[in-house]
Amino acid sequence: MFGVEKKDRFKLFLFLLAVIVSLGVFGYRLFAEQLNMKVELAYDYEDVLLLQAYTGQSQAQVLKMLQRAGVTSVVVPEDTLNNLTRRGLANLITGEQLLNMSRFGQIQNQQLLGLIRSSDITPENSYIMIDQVAAFQRAQNALINDLGAERAKVNGRNIIEVRGQVDNLGGIGLGLDETILANLSIYKFQIIPKLVNSRRLDDVSLGLKIDTVSALTPVHTFIFNGSEVLGYGNNLALVAEKMRKNGINYGVIEFFQQKGSLSLAEHLSGYNIGVHSIPAPQLQRLTKEQAIDRYVLAAMDRGMRILYLHAFVNDALATDLLAYNEEFISALKTRLERRGSTVTPIDQVTIGLDPLVSLIIGIIISLGIVSAGFLFLRIFNKNLPDGIFKWLLLGMLLLDIIFLRLNYFSQWRALLALLVSIIFPTLAMLTQLPKENSWQPDKMNFHKVLFLILRIVGITMLGALLIIGLLSDSYHLLKIYQFRGVKLAFGLPLLIVAFYYFMYPYRIKSLRFIIKRFLQSKVTVGYVLAGGAALAFFALYFLRSGNYQLPLFNGEAAMRNFLGYILLVRPRTKEFLLGYPLLVFICYHLGRAIDYRYKWVFYTLAAVAPVSLLNTFCHLHAPLWVSLLRSLNGLILGVAIGCFVSWGYKVAEKIWRYIF
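Position 225 of the sequence shown, counting from 1, maps to 473 under the numbering used here, and the rest follow consecutively.
Pair by pair, the computed Cβ-Cβ distance ranges are:
id : residue 1 : residue 2 : range
1  : Gln688    : Tyr656    : 49 to 55 Å
2  : Arg448    : Pro371    : 18 to 24 Å
3  : Leu642    : Arg732    : 23 to 29 Å
4  : Gly896    : Leu510    : 49 to 55 Å
5  : Leu510    : Leu347    : 44 to 50 Å
The calculated lysine-lysine pairs, modelled on DSSO-like cross-linking and capped at a C-alpha distance of 27 Å, are:
id : residue 1 : residue 2
6  : Lys536    : Lys436
7  : Lys696    : Lys898
8  : Lys898    : Lys691
9  : Lys902    : Lys691
10 : Lys312    : Lys286
11 : Lys581    : Lys536
12 : Lys286    : Lys536
13 : Lys436    : Lys286
14 : Lys630    : Lys255
15 : Lys727    : Lys286
16 : Lys581    : Lys727
17 : Lys493    : Lys286
18 : Lys683    : Lys898
19 : Lys254    : Lys638
20 : Lys638    : Lys255
21 : Lys630    : Lys683
22 : Lys696    : Lys902
23 : Lys493    : Lys507
24 : Lys696    : Lys683
25 : Lys436    : Lys312
26 : Lys286    : Lys581
27 : Lys312    : Lys536
28 : Lys436    : Lys493
29 : Lys254    : Lys630
30 : Lys312    : Lys581
31 : Lys507    : Lys727
32 : Lys493    : Lys727
33 : Lys581    : Lys436
Read the hints as simulated data drawn from the structure, not as lab findings.
Here a beta-carbon is modelled for each residue, glycine too, at the ideal position from N, C-alpha and C.
Start from the sequences and build out the full structure, keeping to the hints where you can.
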């Protein structure tokens with residue numbers, strides 16, 4: 249690959265520079281991941297109340313259990329009229345309901361009777377009665393900030409009158425209950441506020457809300473309730489500025505789409521932290537072992553740093569729900585610690601490159617990609633004029649500038665990463681496998697086979713390094729941005745490999761004639777079966793790739809769990825059961841068991857290995873050590889299976905010849 253003539257030295261320089269820069273990013277990622285081997289176990293306060301209700305235990309007993317089991321933090325939802333009403337701390341009634349009750353003499357509350365006697369009740373208005381002085385004061389201030397002093401007025405000792413119809417009155421955020429915070433501080437829990445958005449809040453009120461919550465107790469992370477993040481509408485920049493000023497991280501909840509989440513995360517580069525939660529209804533359908541597997545996978549494979557826990561309240565799981573929940577949390581903590589994580593509150597996150605550094609690195613790598621792309625094109629045309637490289641380089645620089653000026657450079661880097669994911673696995677397969685029909689399998693030994701496979705892996709890993717360099721910003725590492733074009737990255741290399749080896753070396757000149765002859769061929773049963781098999785393979789291949797997967801085959805889940813337990817990180821099935829074994833089998837049996845006419849079919853199937861290998865590193869949210877170990881496990885297991893199959897084939901062949 250690097251037998252370089254003088255005219256190619258500049259191309260090599262650009263490529264090596266891109267690789268060296270990517271290696272630097274690789275090292276930084278490994279260092280940052282070691283600093284971030286912390287996991288925070290956060291429990292929802294609403295679930296504390298739920299466990300109280302289901303078990304009949306006091307809140308103190310539930311909190312002691314959580315402390316004993318290893319919970320580090322408690323998520324405290326911001327009070328709303330809805331949850332105050334559920335807890336029996338508030339009553340919300342419309343003027344129309346109040347008048348109807350008055351007509352029938354159904355009002356027993358003296359304060360409401362006094363309200364009716366002392367003022368005109370308007371049917372369209374709402375009346376909120378809160379007995380606790382502190383809660384009343386918080387509600388009054390919050391409603392005035394949200395609705396204005398003209399619409400939210402005190403009408404009696406503990407009654408607030410809200411004038412006119414108000415959308416989502418019961419969902420307006422009323423701040424955090426200081427009594428709850430004081431109680432939680434006794435047990436040394438970190439507080440994670442779960443705040444509610446309102447588009448009616450102006451800049452001053454919104455800033456005051458953040459400052460007030462931040463001052464109540466040491467807070468390091470906010471998450472948000474409902475379908476919107478705080479500030480969605482027109483105040484996201486202000487929210488980000490206030491959070492940054494107070495040193496508060498934004499907890500990005502995995503798989504939960506909230507309006508404004510992406511924009512807020514972009515404003516808070518360096519202050520984003522991944523949160524994984526299993527929704528409470530879904531949790532009740534799982535056992536504690538299944539839930540632990542999901543949480544551990546989220547922390548270790550996807551880099552989620554806060555695990556947001558809910559209570560098991562399904563009576564069918566256990567007779568003693570408090571003990572069952574304690575066992576669940578304790579076992580989760582133990583599993584995380586055995587995998588090298590420290591369970592502790594997280595106040596600072598070190599993840600992703602600085603945006604400016606990421607931009608500079610992206611430009612350097614883009615020029616290296618031009619060199620790799622030119623080499624790739626040379627495979628198809630050895631006489632490709634050198635002047636084309638200069639035009640490609642100029643075009644790349646112009647595109648870098650254009651996307652930078654349009655503020656779409658992140659999307660441009662993602663497009664370059666997709667290009668890398670297509671070029672390098674294909675390049676590995678086109679340059680390292682035998683092209684001529686003079687392969688001598690009898691002269692192959694294990695060292696030669698392994699060296700050939702390692703060359704394919706090495707070229708592919710160069711592409712993986714470039715992708716790591718391109719996409720190691722906090723947005724990709726937290727899945728705020730995701731690698732795009734997964735299906736294209738999986739499919740196009742296979743099609744290019746199939747086309748190249750089917751046409752090589754002379755058929756390309758006769759391509760038009762071959763296509764014409766193929767279209768005029770009679771359709772036989774063999775063609776139909778071959779076409780059906782190809783369609784079935786690609787359908788299965790694509791459906792088992794990416795985020796939308798087919799159900800697992802019988803026994804496959806057990807095999808995956810077993811491999812994950814034995815090898816720590818489960819290798820990709822398509823690598824160790826298809827790609828690598830086929831590469832080994834090709835080396836030992838090409839020209840013998842594999843007819844030269846059909847080598848393109850086997851090469852295409854074997855290309856699954858480098859394609860899948862590189863795709864592993866396109867999961868930017870996964871820690872690098874996980875991706876490296878997954879790839880190494882796939883390589884070792886796949887080569888071992890390939891050697892066993894090849895040996896088994898030779899033995900079976902000898903037995904067949906001996907008998908027949």
